[in-house]
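Peer 1: Start from the sequences, fold in the hints, and give me the full structure.
One line per chain: the protein sequences are X and S, in this order. Residue 9 is where the first sequence starts when you use the numbering used here, and the numbers rise one by one after that. Residue 56 is where the second sequence starts when you use the numbering used here, and the numbers rise one by one after that.
In case anyone wonders, no lab produced these hints; they're calculated from the structure. Note that beta-carbon positions come from the ideal geometry of N, C-alpha and C, so glycine has one too. Among these hints, one or two may not hold up.
[Claimed, not checked] Covered stretches of chain X, as calculated for chain S (at least 3 residues, CB under 8 Å):
| # | segment |
| --- | --- |
| 1 | 234-243 |
| 2 | 405-417 |
[What the hints assert, rightly or not] Sample of chain S residues lacking proximity to chain X, with all beta carbon distances greater than 12 Å (derived):
| # | residue |
| --- | --- |
| 3 | E173 |
| 4 | A259 |
| 5 | L322 |
| 6 | I432 |
[What the hints assert, rightly or not] Label-pair distances were calculated between CB atoms; the ranges are:
| # | chain 1 | residue 1 | chain 2 | residue 2 | range |
| --- | --- | --- | --- | --- | --- |
| 7 | X | P305 | S | E141 | 51 to 59 Å |
| 8 | X | T433 | S | D296 | 31 to 39 Å |
| 9 | X | P305 | S | P81 | 54 to 62 Å |
| 10 | S | Q187 | X | T433 | 58 to 66 Å |
| 11 | X | K440 | S | E78 | 39 to 47 Å |
| 12 | X | T433 | S | K120 | 54 to 62 Å |
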Amino acid sequence: MKVLMLGWEYPPHIAGGLGVACEGLTKALAQLGVEITFVVPKLMGDENAPHMNLRDACGKKYKRRRQKRIKTFEIPVALAPYLTEESFDDLVGELDLPETRRLLNKNFFPKFTRSELDKFLASLTLAKRAQILLGAGYNAQVYEQVALFADLVFEIAKEEEFDIVHAHDWMTFPAGIAVAQAAGVPLITHVHSLEYDRSGPGINPRIDAIEKAGTGFATAICAVSEHTRQVVQKQHCLPLSKIFTVHNGNLSKKVTKFHKDKAKWTGPVVLFLGRVTLQKGPATFLYAAQKVIAYLPDTIFVMAGTGDLLPSMKQLAKDLGISSNLIFPGFVKGRALEEILSIANLYVMPSISEPFGLSALEAVDFETPALISKQSGVGEVLNHALKFDYWKIQTLADYIINGLLHPEMCQDMIDGAKLELKKLTWQAAAKKVLKIYQHVCGVQHA
Amino acid sequence: MPSICFYFQVHQPYRIKKFSFFEISPDLYYFDGYKNSSIIKKVAEKCYLPTNNLILNLIDKYQGKFKVAYSITGVAFEQFAQFAPEVIESFKALAQTGCVEFLGETYYHSLAVLYDEEEFINQVLRHRLLIQSEFNQTPQVFRNTELIYDDRIGYLIAGLGYTAILAEGVEQVLGGASPNYIYQAPASCVKLLLKNYGYSDDIAFRFSNHKWKDFPLTPEKFASWLQRYTNEVQTINLFMDYETFGEHQWAETGIFNFLRELPEKVLSHPAWQFKTPSETIRDYNAVAEISFKHTTSWADAERDLSAWQGNRMQKKALKAIYSLKNQVYATQNHWIIETYKKLQTSDHFYYMSNKFKADGDVHAYFSPFDSPFDAFIYYMNVLKDFKTQVIRENY
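Peer 2: Below you can see the structure in the form of structure tokens.
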């Protein structure tokens, strides 16, 4: 089985969790005998992927790495990073919303069907095709790059032999669609997160449209959780029968645990970590904090991260009269991140919709038990967590108080969670993906 | 002349509600009345009433040759009286046949024997009074909560005047000996009746399992298995939850037909009989003395105490409730003392088990909570409030 896999990044040069996931998945797939050509926009030269053919999107510059199943391809696309909060804000600023809507309405998206899409795409040039799929990538640089990536991958694909195209997340969907259609092979799109999860009501219609096309055109879709599977189905009106849940493998690593500096941290610490946007539920965190502080006034609540709601959250903390218990350190990474994760007594993830929520597993590595919303995919693989509906502030406060009062429970959660993480392997994920490959090839040939 | 000894456990706990940390309840309203009443009514309809009726018919049909034993907890009895009094009537009808024995246990289905012997004895005597007044029998044979047993418990029970006690036939303890004989507990006159868990679980757990190699289990098949031992055994002890009939195994699985036809198949062999636990120990001599140095039970694969005190949460909760004793009794408030005892029911701690593997499914099946952590948190919230009320009463 030969697979052309399209990704946006590869370790060690990563902006999000996508690159790590791609590494884990491809390694395990290679063990199962799948030959992979993996294309990313840009290689830095120090990537280590002997298990497959890794290349960036610049066809002429590809280097063949020593080893059987690996080629490296570089596409010289100056990549906009994987939607970090900063780049996301930039993107929103650049959007020409009315124009996009006009185009979308005029074109096929609202009444999208497979045959219509095929017909429509066939009538266009490659560049135009990419543009349309991108919702006409006017001024936004990231869309141009996505389109350029699609063009370059299309060229590379001519030199490659493959049975399946496997595209990770929306940036590679246009490339995936173009290549799969031209080569007449099945397309698998892998949804690590959806625009709906990232932005909620402030959804970016262009990205949403790309996701709609990518998932609609795909023969099969991999979703990183059952939760995401349901969201894909609901958002894009697709049959559940073609969406498959493939939980990510365990990414846990050995960590150094920092000890609580008594001078600096005078009380127990409860941590919120992530973009301060509506979908992450920061307000829930603050309202629950207010209830907890009434009983445990020493508790320190840390809201780490930035985002559009940060100023209003700071204001809310003032309004609730809990400012003195709150710390807003901004975006933390590296050593500071490790420190805060190890010092925290509890990790809270009150997301309204979370495709997976890897950070809850990372918190477990730091022996910090997780309190997660039931609307988070990670809950499907983590039994040893406290789970609440994201709107139930009192339940969350109850959990926080009990978590702080009963370290015995936290220790039981950590011990159990660690055992659960051991069972969460990339081998298991790869086996599922291979089954899907076999399934779609069967479908295609039938 | 080998025999079969059936004993059925009848128990329903007072499940606690999702009691918030922020809630204050001066009237000690900690139990989920709606859930408890609806479960009692449902199980009465699916299991207790039809099965009692069936057993009564069988006793009638075989004219004294079919016999069974029950152990009904006090907390289950109270809830029947409140939500399904017809269940009590049907048990009374069974008691009058003379073919049904009622065993002794703790009124509150508690783990008191592990934490507080005085409290344990108190609860056992209370249960004895209940059985005497309601069924006109004095229990002779004892069944501790979830078949929890060790030598010390045997000794305690002997002191309370019981002649025998039920225990799990744990292989590690038996060391190759068969559970199908009567044994003697060391240093006391109490005899042991050991559960044959293979055959018991064939009915209680595997009966409707389509993946089981012996599925479907017919009365003929089951009787023929037992009859292979005709010349080798004294008694085959089939101990199980009564809810096996109609609740754990739904009527659709054919469990009632199985029970209806089993006596005929067993009695078709002239050597075989049904005996109650008291008759069993009266009619057979103990073949050997056997010592249970470690505490055993019938729960989970481990068959030890890990189902109730396997993790830190369970240990903390148990320690917390049993440490309240002196304060609680000092109030001399009947309602507070009653609540204290209802909070000792073993089920509360069983729900806190975080064995998420094979046995975890069994824990989750019974639990009214979404997770063991919820079970712990709501229990501790209740204890927090309860403690406040106790202190207030003593003030």
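Peer 1: Are there hints from earlier that the structure breaks, and if so, what are their numbers?
Peer 2: 1, 6 and 9
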